[in-house]
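Protein chains: 2
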Amino acid sequence: MKIIIDAMGGDNAPEEIVKGAVAALNEFNVEIILVGDESKIKAVLANEKIDRSKLQILHTTEIINNNDHPAQAIRKKKDSSMVVGMKMLKDGIGDAFISAGNTGALLAGGLFVVGRIKGVDRPGLAPIIPGKNGPFLLMDSGANAECKTQNILQFALMGEVYMKKVFKMESPSIGLVNIGAEEEKGTEFVKECHKLLKESNLNFKGNVEGRDIPEGNIDVVVCDGFTGNVILKVFEGVFQTIFDTLKEEIMSTTRTKIGGLLLKPVFRKFKKKFDYTEHGGAILLGVNGPVIKAHGSSNSKAMKNAVRQAVLCIEGGVVESIRNEIETNENNNNNNL
Amino acid sequence: MKIIIDAMGGDNAPEEIVKGAVAALNEFNVEIILVGDESKIKAVLANEKIDRSKLQILHTTEIINNNDHPAQAIRKKKDSSMVVGMKMLKDGIGDAFISAGNTGALLAGGLFVVGRIKGVDRPGLAPIIPGKNGPFLLMDSGANAECKTQNILQFALMGEVYMKKVFKMESPSIGLVNIGAEEEKGTEFVKECHKLLKESNLNFKGNVEGRDIPEGNIDVVVCDGFTGNVILKVFEGVFQTIFDTLKEEIMSTTRTKIGGLLLKPVFRKFKKKFDYTEHGGAILLGVNGPVIKAHGSSNSKAMKNAVRQAVLCIEGGVVESIRNEIETNENNNNNNL
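Quick note, the sequences are listed as chains A and B, same order.
Counting along the first sequence from 1, when you hit position 236 you're at 236 in the working numbering, and nothing is skipped either side.
Position in the second sequence (from 1) plus 337 gives the number in the working numbering.
These are computed hints drawn from the structure, not numbers from a lab.
For every residue, glycine included, the Cβ atom is placed at its ideal position computed from N, Cα and C.
Heads up, some of the hints might be wrong.
Unchecked claim - Restraint-style ranges between C-beta atoms, simulated for each label pair:
hint, chain 1, residue 1, chain 2, residue 2, range
1, A, 296, B, 608, 57 to 63 Å
2, B, 485, A, 332, 34 to 40 Å
3, A, 200, B, 518, 34 to 40 Å
4, B, 585, A, 244, 18 to 24 Å
Could you build all of it, start to finish, from the sequences and the hints given here?
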């Protein structure tokens, strides 16, 4: 099993990316191909203990930055670590691709380099978010600002496959983001989506309101990419705000500092529970191979977890299952015509 | 100054509503009309010290419940505390109306009983949310699931007036919810909204992403009611989840219990800072009178704060200012044709 990693993507590249790859090699039974500036990668590796037989470096000369225009960067920067890495996935040189780089470019590369699974209208980006009662998948979280109802149904089908194959859930529950529990709530668009999901064979639990999403009782939360992106970022923002504020207050007096020390195990446990990198990155579902978008600020631990996620995707046959699922669903639709 | 209060709306009616009214009478220079079941209201008042000369009770026989269909309830329950109260606002018997009852019915009543301000296409519901660096107004938070671009511009105009008149801000900043900072991001709809806001005389700061909303650096955050409702509820849900989880963990061992005790002042301060009832309820902007939707779970303190908010709205002349603002904006548009 070979995992291709974009060594140059993300705020902490290449140091943390390379260190994460090393940690993954030491923990999982995988081979890794690091794509990027060879001398920089080697400089990091010099300080690491590692079985070099399982690690390849593929030298590239270009980097896609966060300021690059996504589609243009994919078209023009042919020797960038991201484009070369995705091309290798497409060509079967590796089994999965991971990058912490420019999200838009990754989405464009998913479409134009890796390519869509036949029958998938729009691939979607799906982060695994820690909820109170368990992790859940949010799809789409920003690949498609505008969606058709058929896209939402496909997001649900693909998300279901992921939770079945990676989290070994028997019948993942599906929820549609809406502004009320009742069927007749929301825009015309979500009402249509509701109808489609209800008619499907999915374990559809109806609408899910913003208030209930963090509970984590729904395994696959579907919505258009505009709404999903807003949800994801509000999540991050509220967490950050709460912890920044608490930290400031705790550090303000001796009494509260001592209280903070005593609560260290609580905060540590809490941080682990709600660590969004615990289950890896966001997975781009609907393309011809496992493509994982690690958070831009990924450290080595986040990268290692992304490799674990890639392994689970490959072992679970996520891409093949999506292919079958979409085909079956298309056939059913044709039979119903 | 006379404030009309729906004594029967909300999870804790009439007890907490009536107690909140009493607290408001003791703190502010107002008169209050409690609308609802007279015997039940009097039963609560029996235990309260109060100057009855400033308090009227208007007996009604019906109640709009949360299960009632909003528009039907407004049409059919003519003697409900909500319909009668709104009718009194419309007729000038009182200067503002507050209810913690059925949100949908309140919105319907705003349109059909109180009526829109001339030129306002769609009134919007705007909660005041505590951000890290100050409170901000989110509009629309659910009155209009589908919006036209013109609605978003009017939300911004009305929100600006509110922040000027109630929070005494000189030039409130306006932000448009979007999935990226750049102008060209998002759906066709938000791109059009961006253009309209940029061309206006508003202090438009561009797009605001979900991550930045909780900071509270933008005073008026505008979006369609679907997006706004999701944002509001994710906010509530994440706060609730974090505090439930922390509480459970803190209560789990003696060490952490002691830590929790030492941190009491921190949590208290935090709770006050992020208490969504601190600035009252959500204001329905765009109708012919101040209509305030208090949270369904409002206690007496929340009701008292809603009365303060009503007083500030009346003193600031929010409704008159919106009327002028919308008229001026319409004239400008006509001159530009």
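Beta-carbon spacing of residue 200(A) to residue 518(B) - inside the hinted bounds 34 to 40 Å or not
37 Å, holds
A range of 57 to 63 Å was offered for this pair. Does it hold for the Cβ distance of residue 296(A) and residue 608(B)?
Check failed, 33 Å falls outside 57 to 63 Å.
A range of 34 to 40 Å was offered for this pair. Does it hold for the Cβ distance of residue 485(B) and residue 332(A)?
38 Å, holds
Is 18 to 24 Å respected by the C-beta to C-beta distance linking residue 585(B) and residue 244(A)?
About 22 Å separates the Cβ atoms of residue 585(B) and residue 244(A), which means 18 to 24 Å holds.
The structure does not agree with numbered hint 1 stated previously, though it agrees with all others.
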